[in-house]
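Here is how the chains run, residue by residue.
Number of protein chains: 2
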Amino acid sequence: MELKVIAYARNGHTDKFGIPRQSREESPILTRIVFEPEYRIPEALRGIEGYSHLWLLWGFSEVDSWSPTVRPPRLGGNKRMGVFATRSPFRPNPIGLSSVKLVGIEDGELIVSGADVLDGTPIYDIKPYLSFSDSHEDAKNGFADETKEHKLEVVWEVESTTKTAKNLEQSLGLPRNTLDAVSYILSQDPRPGYQDDPEREYKLDYAGWTVTFVVNGPKVIVKKIVKI
Amino acid sequence: MELKVIAYARNGHTDKFGIPRQSREESPILTRIVFEPEYRIPEALRGIEGYSHLWLLWGFSEVDSWSPTVRPPRLGGNKRMGVFATRSPFRPNPIGLSSVKLVGIEDGELIVSGADVLDGTPIYDIKPYLSFSDSHEDAKNGFADETKEHKLEVVWEVESTTKTAKNLEQSLGLPRNTLDAVSYILSQDPRPGYQDDPEREYKLDYAGWTVTFVVNGPKVIVKKIVKI
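These protein sequence lines are chains R and G, in that order.
For what it's worth, numbering that gives the first Met the number 0 labels the leading residue of the first sequence as 0, then goes sequentially.
For what it's worth, numbering that gives the first Met the number 0 labels the leading residue of the second sequence as 0, then goes sequentially.
Treat the hints as calculated values from the structure; they're not laboratory data.
Since we're looking at a predicted model, the values are computed, not measured.
Treat each hint with caution, since some may be false.
Claimed, not checked - In silico lysine to aspartate or glutamate, EDC-like type, Cα no more than 16 Å apart, as pairs:
#1 139(G) with 24(R)
#2 139(R) with 168(R)
#3 78(G) with 42(R)
#4 226(G) with 144(G)
#5 3(G) with 42(R)
Unchecked claim - To spell it out: a stretch of chain R is covered by chain G in this simulated footprint if at least three of its residues, at any positions, have a beta carbon under 8 Å from a beta carbon of chain G; those stretches are:
#6 67 to 81
#7 178 to 187
The C-beta atom is built at its ideal place from N, Cα and C for all residues, glycine as well.
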């Protein structure tokens, strides 16, 4: 089967670094689904507004080989697992699957939150999420359960005249939602593998801004955020 | 992207009639995932036994056109909805998505239950089900919620010397699991649209057997089951 690109994802993830490893319901990161001209047909979305969640089937960019075993990042990158036991991109057909929240419909485009995809990702299909067949609250998550979630506390130590998040966003001249999105990304610990050097400065691009941060124990300290 | 078939589904659904409209956790219907030689690699499944549920990405057979709007069977087949608001096969990229229960692994093949697919369906990907990103128990199901579920009671009025299900299966000479599977299929009301003629005899093929039944109100009455 030859897949046709029906749309492209547009969001602030212009940089692979910082993309959440899986879609998460609580993610504030917004993605716009921009249809290709041939598929930009308002009737094709009729009834979709009744669903709270959707599935996106999308293509992993720049992946052109697969491997029977892969090293899942959540196992520290040093243990090999079967590719079909992981959501790794290096699979025979590099298709990603993400459940997202439907936030809105604007000008024939879908706005969703929680998509763990890069800006410009090709979308192959959009399906409604059906809780009676898709939801298995008690599913056993294999080795994905073995690693405990570690969420980091995000502290903004940028130069600013204000302390509250809302005012901080304004005083830094950030577009709406950017501070929430960056805080969320950093709380997920975007560092590769299990690096742990409190001196090391990391840089992350999001939505046209470069964020400089360090990680010290359970805390991410944001040092700078500047326009690219 | 050009999709490669990694495996084929093998089950008793040799007939489109009777395939459940969505995958369901409680389904007793077993499907065997038989890998193509190139992908029949035991290591590619390493760690999969830790998961209770999997995703299958598969191809709708015999679909080569799409339509911006479709008539969902659950709305009685007379209302048009946007294709992206449905799980209809008539989509730009006819890929199906089903969550299934992992029942076992045998000779490098996966045995799953609950797959709503035809025998011989091409499989393009197998992914682990991750409850923390894939499960949304309270998702709003749009118009799919509007139609109340109608499950039918299944009564076996076949000629037999016994009444209990287990013995009935044996006395009819059916392979193990067949009676459960057929009862499940019939309980889902496989009739097309909202036909309602208590006189009409329906025939359904499953796993090499032809089942003859009628539907009278909330009851399915099985009249005959014979080897094809």
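Here is what the structure says about each hint:
For a cut-off of 16 Å, the pair hint linking residue 139(G) to residue 24(R) stands: about 14 Å separates their Cα positions. In summary, the hint linking residue 139(R) to residue 168(R) is not supported, as the alpha carbons are separated by about 40 Å, beyond the 16 Å threshold. For the hint linking residue 78(G) to residue 42(R), the alpha-carbon distance of about 13 Å falls within 16 Å, and the restraint holds. In summary, the hint linking residue 226(G) to residue 144(G) is not supported, as the alpha carbons are separated by about 38 Å, beyond the 16 Å threshold.
Proximity of residue 3(G) to residue 42(R) is assessed by CA-CA distance (about 31 Å); at most 16 Å being required, the pair is judged violated. Residues of the stretch 67 to 81 of chain R lying with their CB closer than 8 Å to a CB of chain G number 5, which satisfies the three-residue condition for coverage. Counting residues of the stretch 178 to 187 of chain R whose beta carbon lies closer than 8 Å to any beta carbon of chain G gives 0, which falls below the threshold of three, so the coverage claim is violated.
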